[in-house]
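One-letter residues, chain by chain:
There are 2 protein chains.
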Amino acid sequence: MTITAITTDDKRFTLKEGEGVDSVHSDPSYSYAVTYLHTDSGTTGIGITFNLGAGTDLICQAIELLSEELVGKDVDELMANFGEVSHRLANHPQLRWLGPQKGVVHLAQASIVNACFDLWSKQRDKPLWKLLIDLEPEAVVSLLDFAWVDDALDKSEALEILQQAKKGKQERAGVLETGYPGYDTSVGWFNYSDELIAENTRRAIDNGFSAMKLKVGSDAPSRDVRRATLIREITGDQATIMLDANQKWSLGEAIRIGREFQAMNPYWIEEPIHPDDVLAHAELARELSPTAIALGEHVSHAVLFKNFMQAKAMQFCQVDCTRVGGVNEFILVSLMAKKFGLKVVPHVGDMGQIHQHLVLFNHISLGLEKIFLEYIPHLRDYFEFPARVEEGVYRVPDEVGASCEFCS
Amino acid sequence: MTITAITTDDKRFTLKEGEGVDSVHSDPSYSYAVTYLHTDSGTTGIGITFNLGAGTDLICQAIELLSEELVGKDVDELMANFGEVSHRLANHPQLRWLGPQKGVVHLAQASIVNACFDLWSKQRDKPLWKLLIDLEPEAVVSLLDFAWVDDALDKSEALEILQQAKKGKQERAGVLETGYPGYDTSVGWFNYSDELIAENTRRAIDNGFSAMKLKVGSDAPSRDVRRATLIREITGDQATIMLDANQKWSLGEAIRIGREFQAMNPYWIEEPIHPDDVLAHAELARELSPTAIALGEHVSHAVLFKNFMQAKAMQFCQVDCTRVGGVNEFILVSLMAKKFGLKVVPHVGDMGQIHQHLVLFNHISLGLEKIFLEYIPHLRDYFEFPARVEEGVYRVPDEVGASCEFCS
Chain E
1 MTITAITTDD
11 KRFTLKEGEG
21 VDSVHSDPSY
31 SYAVTYLHTD
41 SGTTGIGITF
51 NLGAGTDLIC
61 QAIELLSEEL
71 VGKDVDELMA
81 NFGEVSHRLA
91 NHPQLRWLGP
101 QKGVVHLAQA
111 SIVNACFDLW
121 SKQRDKPLWK
131 LLIDLEPEAV
141 VSLLDFAWVD
151 DALDKSEALE
161 ILQQAKKGKQ
171 ERAGVLETGY
181 PGYDTSVGWF
191 NYSDELIAEN
201 TRRAIDNGFS
211 AMKLKVGSDA
221 PSRDVRRATL
231 IREITGDQAT
241 IMLDANQKWS
251 LGEAIRIGRE
261 FQAMNPYWIE
271 EPIHPDDVLA
281 HAELARELSP
291 TAIALGEHVS
301 HAVLFKNFMQ
311 AKAMQFCQVD
321 CTRVGGVNEF
331 ILVSLMAKKF
341 GLKVVPHVGD
351 MGQIHQHLVL
361 FNHISLGLEK
371 IFLEYIPHLR
381 DYFEFPARVE
391 EGVYRVPDEV
401 GASCEFCS
Chain G
1001 MTITAITTDD
1011 KRFTLKEGEG
1021 VDSVHSDPSY
1031 SYAVTYLHTD
1041 SGTTGIGITF
1051 NLGAGTDLIC
1061 QAIELLSEEL
1071 VGKDVDELMA
1081 NFGEVSHRLA
1091 NHPQLRWLGP
1101 QKGVVHLAQA
1111 SIVNACFDLW
1121 SKQRDKPLWK
1131 LLIDLEPEAV
1141 VSLLDFAWVD
1151 DALDKSEALE
1161 ILQQAKKGKQ
1171 ERAGVLETGY
1181 PGYDTSVGWF
1191 NYSDELIAEN
1201 TRRAIDNGFS
1211 AMKLKVGSDA
1221 PSRDVRRATL
1231 IREITGDQAT
1241 IMLDANQKWS
1251 LGEAIRIGRE
1261 FQAMNPYWIE
1271 EPIHPDDVLA
1281 HAELARELSP
1291 TAIALGEHVS
1301 HAVLFKNFMQ
1311 AKAMQFCQVD
1321 CTRVGGVNEF
1331 ILVSLMAKKF
1341 GLKVVPHVGD
1351 MGQIHQHLVL
1361 FNHISLGLEK
1371 IFLEYIPHLR
1381 DYFEFPARVE
1391 EGVYRVPDEV
1401 GASCEFCS
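Protein sequence lines correspond, in order, to chains E and G.
Using my numbering, you'd call the opening residue of the first sequence number 1 and step up by one each time.
Using my numbering, you'd call the opening residue of the second sequence number 1001 and step up by one each time.
One should not assume that every hint holds.
[Unchecked claim] Chain E stretches covered by chain G per the calculated footprint, using a threshold of three residues with CB under 8 Å from any CB of chain G: (1) 18-27; (2) 104-113; (3) 159-173; (4) 198-211; (5) 242-254; (6) 300-309.
In short, the hints are calculated from the structure, not lab data.
Computed from a predicted structure; not experimentally measured.
Note that beta-carbon positions come from the ideal geometry of N, C-alpha and C, so glycine has one too.
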């Protein structure tokens, strides 16, 4: 199977009033820069990366510039040593000035790489999760680019983690029967009224969710505290509630407001400050301990994740395969999280379509704890095979590939 | 004076064989994404940001998306509280997903902001350096966005630094008579032969330079050591020699190879590893002490610089106003460097055109040490007012604005 042509699509969707709005991103139009890898077999690999609207066309153009070298490549050969391929993409001699490994060019890489994994899964006639868990440890590490992270995790350590995780793999594969738990992100978008939040909380519980998220970062912190307490009162102590500030605060604000939240026992506080500020997050984590810090949706590559982990600046790693350079960098970051003893709970720029596969791999093949996967239903009507979340649980997808087909 | 329209230009230049080549960027085509701020007065503000070729058009498109809000703005009003303006640009509710403050969108911001400062200088009928050193401390801090850096430097501390630096300002203004020293970056591009490096070294000394740079990062470190030693032998102990690896090494390699260089006494080792790797640079700095670490050309914003400074991971801060979000973020980073006691030696993506102004401001108004400014002559024929470097010294520019006019 040979890649014969590459095309892109700038897909933008209009959300309902208030959906997707947070304290910083006030006007989202959920969007995908889509990569199509056309082949001589008629099979098409589809990859996506996420954006909030404006500039999605720039990612598409970057995909076209960056993916040139893939045309004419045989899929087996391409995936046989994909770590080297992705190192080359991330270090394009001219385009890397626009990164490296960040912003538009790395989002483009994510879309391209995700398309490669979708194509590979289809060629092997398997869902992505099945393709990945069937790989031997040596095959997994050959997918990864260890450049600039090998002081924290090198190839041999990664191999050892994978080898050791073989123990218990069969038992953990039980998740394929039960499904993977979800959590409801859409209970409390930033501009929702208290009444709507209360209604959404009750509905989330009725729908089988026991974990949910509230957007915080109000100009008056008392509004945040009131709304967080409201959810806690409705759910009682059994529910898991996460608070997400979307980078709104300074370090000083995060410490002060974070302490106010502790009375309602949040499971984590997410993206409290600027997503590149490793040392501020480390100080915050110390100040708010034992309250956990979560971030990752804006952490663009493995080197930065390494810094967050080394500095003990995150407890929940929210790596997103549509923010880092695609499926293989997601796996690399997950392996680092395993080494550092962190929990991985992906952010789902893909609305969970790809990540529903990846959390199965993380749990079964890496032995990472099964926690829950974010669920955002706002785009489900646009996917041909939308994630099936029933009774608060992601059902295991059975279609081949990475579940990125859009409805025509 | 009101901005009536904004246009862009994708300018790419072909270099001579070997020019601009380093261990990582093997095929550069020096390029500028240019912003033109047209006004009702006929005066045009011109701003640039640097790239290596491919993708410069993406920056131009991002400039057009990001700069929309400036059309119709009065220049005095715009610059009266420019800190807020640039905070808004960096936090565009949709485009910030492509950053924040990094990659294509932040390079676009640099070009736009630099054009604003060029326009403001022309409106005031002054060279940029004169405009800046004539500003009162309060006016300087109103240009700056302290978001997410205020745990290290807030507005009042910045004001205090500026106030205290008034002492000695007149004396330091002597640099306007003598000019600002330069250093020669083009002695030893990566693929130059030993013979050409020897010839360039002798020519640099003949041209009045006492400081120069060699590109390192060879597959065989012995090649780097041989070439560094060659320059040292030609110049003797009096010359200042810098070594630049352009991010080539892992931490382990940087420690090992860095130690080998110490015998020839480099002034600094530049960009040894990945430019986002704060903790690896901190460890390297400890391992190689007293050899200094320099970086900044790929550090895209003030929050990351703050981390490098707090972690003691850099001794020379090479902030570049065509990498961070323009002149005002350059000043913010310079103020942080002043607070942390670091030396500022800008990288010159602009070939020194704007930075020849900014180092005068840094020395005169901030009291930062006068060291030297990088000099790269490869594009001088394309500028209408190319930097005049004579006897190894940047002569003070006397044209109004920021010296970014291109030849027609």
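Evaluated hints:
For the region 18-27 of chain E, the stated coverage by chain G holds: 4 residues have a C-beta nearer than 8 Å to a C-beta of that chain, and at least 3 were required. With 4 residues carrying a beta carbon less than 8 Å from a beta carbon of chain G, the region 104-113 of chain E meets the three-residue requirement, and the given coverage holds. For the region 159-173 of chain E, the stated coverage by chain G is violated: 0 residues have a C-beta nearer than 8 Å to a C-beta of that chain, whereas at least 3 were required. Under a criterion of three residues with beta carbons nearer than 8 Å to beta carbons of chain G, the stated coverage of the region 198-211 of chain E fails, only 0 such residues being counted.
Counting residues of the region 242-254 of chain E whose beta carbon lies closer than 8 Å to any beta carbon of chain G gives 4, which meets the minimum of three for the stated coverage. Check on the region 300-309 of chain E: 6 of its residues sit with their Cβ under 8 Å from a Cβ of chain G, so the three-residue criterion for coverage holds.
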